[in-house]
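2 protein chains.
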Amino acid sequence: MTLIDGKKISDQIKAEIAAQVEQMLAEGKKRPHLAAILVGHDGGSETYVAHKVKACEQCGFKSTLIRFEDNITEQTLLDRIAALNADPDIDGFIVQLPLPRHISEQKIIEAIDPAKDVDGFHPQNVGRMAIGLPCFLSATPAGIIELLSRYNIDTRGKHCVVLGRSNIVGKPVATLMMQKAAPGNATVTVCHSATPNIAEITRQADIIIAALGQPGFVTADMVKDQAVIIDVGTTRVPDPTRKSGFRLRGDVDFDNVAPRCSYITPVPGGVGPMTIVSLMKNTLQAAQAKN
Amino acid sequence: MTLIDGKKISDQIKAEIAAQVEQMLAEGKKRPHLAAILVGHDGGSETYVAHKVKACEQCGFKSTLIRFEDNITEQTLLDRIAALNADPDIDGFIVQLPLPRHISEQKIIEAIDPAKDVDGFHPQNVGRMAIGLPCFLSATPAGIIELLSRYNIDTRGKHCVVLGRSNIVGKPVATLMMQKAAPGNATVTVCHSATPNIAEITRQADIIIAALGQPGFVTADMVKDQAVIIDVGTTRVPDPTRKSGFRLRGDVDFDNVAPRCSYITPVPGGVGPMTIVSLMKNTLQAAQAKN
Numbered sequence: 003m004t005l006i007d008g009k010k011i012s013d014q015i016k017a018e019i020a021a022q023v024e025q026m027l028a029e030g031k032k033r034p035h036l037a038a039i040l041v042g043h044d045g046g047s048e049t050y051v052a053h054k055v056k057a058c059e060q061c062g063f064k065s066t067l068i069r070f071e072d073n074i075t076e077q078t079l080l081d082r083i084a085a086l087n088a089d090p091d092i093d094g095f096i097v098q099l100p101l102p103r104h105i106s107e108q109k110i111i112e113a114i115d116p117a118k119d120v121d122g123f124h125p126q127n128v129g130r131m132a133i134g135l136p137c138f139l140s141a142t143p144a145g146i147i148e149l150l151s152r153y154n155i156d157t158r159g160k161h162c163v164v165l166g167r168s169n170i171v172g173k174p175v176a177t178l179m180m181q182k183a184a185p186g187n188a189t190v191t192v193c194h195s196a197t198p199n200i201a202e203i204t205r206q207a208d209i210i211i212a213a214l215g216q217p218g219f220v221t222a223d224m225v226k227d228q229a230v231i232i233d234v235g236t237t238r239v240p241d242p243t244r245k246s247g248f249r250l251r252g253d254v255d256f257d258n259v260a261p262r263c264s265y266i267t268p269v270p271g272g273v274g275p276m277t278i279v280s281l282m283k284n285t286l287q288a289a290q291a292k293n
Numbered sequence: 003m004t005l006i007d008g009k010k011i012s013d014q015i016k017a018e019i020a021a022q023v024e025q026m027l028a029e030g031k032k033r034p035h036l037a038a039i040l041v042g043h044d045g046g047s048e049t050y051v052a053h054k055v056k057a058c059e060q061c062g063f064k065s066t067l068i069r070f071e072d073n074i075t076e077q078t079l080l081d082r083i084a085a086l087n088a089d090p091d092i093d094g095f096i097v098q099l100p101l102p103r104h105i106s107e108q109k110i111i112e113a114i115d116p117a118k119d120v121d122g123f124h125p126q127n128v129g130r131m132a133i134g135l136p137c138f139l140s141a142t143p144a145g146i147i148e149l150l151s152r153y154n155i156d157t158r159g160k161h162c163v164v165l166g167r168s169n170i171v172g173k174p175v176a177t178l179m180m181q182k183a184a185p186g187n188a189t190v191t192v193c194h195s196a197t198p199n200i201a202e203i204t205r206q207a208d209i210i211i212a213a214l215g216q217p218g219f220v221t222a223d224m225v226k227d228q229a230v231i232i233d234v235g236t237t238r239v240p241d242p243t244r245k246s247g248f249r250l251r252g253d254v255d256f257d258n259v260a261p262r263c264s265y266i267t268p269v270p271g272g273v274g275p276m277t278i279v280s281l282m283k284n285t286l287q288a289a290q291a292k293n
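Protein sequences, first through last, are from chains A and B. Residue numbering for the first sequence follows this note's numbering, starting at 3 and increasing by one per position. Residue numbering for the second sequence follows this note's numbering, starting at 3 and increasing by one per position.
Source of the hints: derived by calculation from the structure; they are not laboratory data. Keep in mind that the hints are not guaranteed to be accurate.
The list makes no distinction among identical chains, and a pair is therefore deemed to hold if it is satisfied within one copy or across any two copies.
Calculated pairs, SDA-like style, for lysine to any residue (alpha carbon to alpha carbon, straight line, at most 20 Å) [claimed, not checked]:
| id | residue 1 | residue 2 |
| --- | --- | --- |
| 1 | Lys10 | Pro242 |
| 2 | Lys226 | Ile110 |
| 3 | Lys32 | Gln206 |
| 4 | Lys226 | Asn199 |
| 5 | Lys182 | Gln108 |
| 6 | Lys245 | Ala20 |
| 7 | Lys10 | Glu202 |
| 8 | Lys182 | Pro198 |
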């Protein structure tokens with residue numbers, strides 16, 4: 003069994019990006035600049051944004067964090083987005099989700115200029131991804147593809163079972179896995195809450211991508227010998243032994259599943275770090291497209 | 003075994019649309035207007051466009067057919083598209099594909115205003131469909147969903163196997179079949195040219211949607227008893243007994259497969275007429291959105 007080390011790969015990619023930034027600066031180009039909008043003080047969002055800011059430093063990007071209290075109006079947020087769209091120094095920006103209930107997330111996402119939408123959530127980028135055109139790939143699916151690529155995991159003609167059909171993981175990763183590309187070219191099955199016989203299907207899978215958000219959902223009896231397991235789940239479960247009071251648990255019962263696998267991602271340290279690195283890659287791509 | 007009569011359903015829907023158009027006119031609104039651009043004289047394209055013009059008449063739409071010879075420049079076509087985008091009397095328009103090789107189909111598709119893109123091919127509409135937002139659904143996938151709906155075929159939790167991963171049928175119909183909707187909510191598997199064990203997978207399918215363009219590909223031994231079969235294939239095969247010299251063949255070996263099925267679409271007269279009706283529905287929707 004090989005543990006897929008997302009932390010190591012992500013460090014490697016950040017170093018590659020930093021080298022490319024050095025090269026850009028040496029050519030007289032401007033430093034890539036990512037902005038992040040954070041509304042309110044949700045613990046998870048604070049952590050994610052802090053990780054993103056730190057990743058920008060590691061990649062040699064300039065980063066700007068824009069904070070709003072959670073009583074901000076939708077219009078104020080839309081105005082700020084319009085300003086970022088128009089700002090030539092900003093190569094890309096993200097609005098950290100979730101947003102307070104009185105703000106329409108979809109309206110916010112669609113207000114972002116697709117050319118600066120480094121989260122890849124704008125319908126224009128989602129559609130281009132589905133068609134197979136150049137675009138900003140959504141971060142988590144792109145990170146999964148990158149892991150499969152870096153570990154030279156053969157996906158062609160393999161049966162890939164995706165658990166979950168969310169707009170940000172399940173559906174886009176299913177699309178990427180079926181595209182005529184490498185990694186890709188897999189037979190893809192998408193299971194979800196309405197699937198009555200998930201275990202029967204996962205037992206046929208050469209590759210399982212679990213993105214349900216249900217801790218420990220994938221048990222050893224659901225997995226074929228030598229399967230590849232990608233665990234996207236990151237549910238916070240209470241843990242009084244930790245200073246934070248919680249720990250992250252994946253969708254896979256790691257201890258019992260790992261011995262059966264050929265490859266498996268841990269949680270944390272698997273897909274998570276790759277998600278942030280995908281955002282960095284998109285920001286670099288945005289900066290290069292403008293230069 | 004029930005034969006899914008796409009011709010009958012499509013006539014029914016056209017009558018429903020015509021009644022809505024009458025209502026719109028009675029309310030003083032303008033008649034919906036669809037334009038179609040046809041480049042060159044490809045036999046298949048001529049037939050499709052003629053069918054679309056006829057369907058417009060049946061629905062009470064105004065239609066305009068714009069013809070170009072196949073030596074037209076890309077720029078001339080782009081200019082015509084810009085004019086249609088700007089023309090307030092045109093509710094929607096299509097550019098019949100395929101186009102001559104010297105013209106980029108993708109560039110043409112992306113030049114169409116998404117609000118008039120009644121074929122649903124623009125990345126903006128493809129992305130909105132994937133996310134589950136209101137949009138113009140691509141015609142063939144929408145026609146398939148409509149057939150399942152009109153025949154009250156239960157899809158929730160069923161295993162739907164899609165054969166083919168094209169941008170205009172396989173991928174979008176897979177997305178629609180997995181959405182939390184009715185019809186939809188199915189477990190969906192997409193097989194394609196790189197799938198080594200298609201028969202093994204189709205034998206597990208409650209619903210097969212065949213969109214490979216390989217006449218007679220789905221044989222009786224590949225189908226579970228009481229499966230639902232949707233045949234999207236329409237390959238022209240030579241037939242000297244016909245005046246046209248050809249007949250249409252589906253992807254399914256109909257004669258041998260039909261006896262095993264609960265429902266099956268014939269070719270022709272199944273999905274084909276529904277595709278045109280979807281275009282009419284999108285045009286009505288475009289006209290209503292503007293009114």
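task = Have a look at Lys226 and Ile110 and pick one of within, between, both or neither, based on CA distance no larger than 20 Å.
result = Classified as neither: same-chain Cα gap 42 Å, cross-chain 46 Å, threshold 20 Å.
request  = Classify it for me, Lys245 with Ala20: is the Cα-Cα distance of at most 20 Å met within a copy, between copies, both or neither?
outcome  = neither (33 Å within a copy, 67 Å between copies)
Intra/inter-copy verdict for Lys182 and Gln108 if alpha-carbon distance must be at most 20 Å = between (30 Å within a copy, 18 Å between copies)
inquiry  = My question is about Lys10 and Pro242: at a cut-off of 20 Å on alpha-carbon distance, are they close within one copy, between copies, both, or neither?
reply    = Neither. Shortest intra-copy (28 Å) and inter-copy (65 Å) distances fail the 20 Å Cα cut-off.
key: Within, between, both or neither: Lys226, Asn199 at alpha-carbon 20 Å   = both (15 Å within a copy, 17 Å between copies)
task = Using 20 Å as the alpha carbon limit, work out where Lys10 and Glu202 are close: within a copy, between copies, both or neither.
result = Classified as neither: same-chain Cα gap 34 Å, cross-chain 39 Å, threshold 20 Å.
message = At most 20 Å between alpha carbons: which applies to Lys182 and Pro198, within, between, both or neither?
response = Between copies only: 14 Å across chains, 30 Å inside a chain, cut-off 20 Å.
inquiry  = Within a copy, between copies, both or neither: which one fits Lys32 and Gln206 at a CA-CA cutoff of 20 Å?
reply    = neither (50 Å within a copy, 55 Å between copies)
Going through the hint list in order, the structure does not satisfy hints 1, 2, 3, 6 and 7.
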